[in-house]
Amino acid sequence: NAGVMQNPRHLVRRRGQEARLRCSPMKGHSHVYWYRQLPEEGLKFMVYLQKENIIDESGMPKERFSAEFPKEGPSILRIQQVVRGDSAAYFCASSPSSVRGTEAFFGQGTRLTVV
Amino acid sequence: AQTVTQSQPEMSVQEAETVTLSCTYDTSESDYYLFWYKQPPSRQMILVIRQEAYKQQNATENRFSVNFQKAAKSFSLKISDSQLGDAAMYFCALSLTFGEGTQLTVNP
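Going down the list, the sequences are from chains S and B. Each residue of the first sequence is one higher than the one before, starting from 1 at the first, in our numbering. Each residue of the second sequence is one higher than the one before, starting from 1001 at the first, in our numbering.
To be clear, the hints were calculated from the coordinates, so they are not data collected in a lab. Treat the hints with caution; some may be incorrect.
Quick partial rundown of chain S residues pointing at chain B, CB under 10 Å, derived from the structure [said to hold, decoys possible]:
1. 29
2. 33
3. 35
4. 41
5. 43
6. 44
7. 72
8. 87
9. 89
10. 98
11. 103
12. 106
Glycine included, C-beta positions come from ideal geometry on N, C-alpha and C.
Produce the entire structure from the sequences given, and follow the hints as far as they go.
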């Protein structure tokens, strides 16, 4: 059973471009969570999705950021018109049910660098 | 809103010694789960231990154990017989909310 797969591992974008980060949850997991980790900081919750639904997006910036988890395919975190401050590691985690009661398994992250 | 506070940005321990990492939290819920995750230089997030709030018994996993004080909303991690491989950033988490982390150094 493959773990949570994130790609790409590293992504470089120029200011103003779009960044698309992909996350394939573990087999059988229908809950996906996205986190952002700035250098030397902790993980900040961004969004919680269940298949085709956004459950909690309280940590997502109101502009330029969006997330989806379609019925088929990976979850996508999309950042439009990237700025230098978006440079960070973005982690995806998945769980078979609400993380409230179960462990969330993390991917290895995507390191986004905006130049 | 839930909050998680780790008051020790950095800690160090001698190999084979014991170290305790602190974590306090705040939540209005009565039933919840707490986690400690380890993030080594590879940046992979690894679950170390999990505690269910309704269980009074402290969780243990080999050399890792917790001191869970529900009334005080405290959830500290004790690492016994520290090994060089324990060196990492440790995050305390309450459901989806993470603390800022404690960087643990293990000295040979």
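Exercise. Could you tell me which of the numbered hints above are not met by this structure, giving the numbers in increasing order?
Key: Going through the list in order, the structure violates hints 1, 7, 8 and respects the others.
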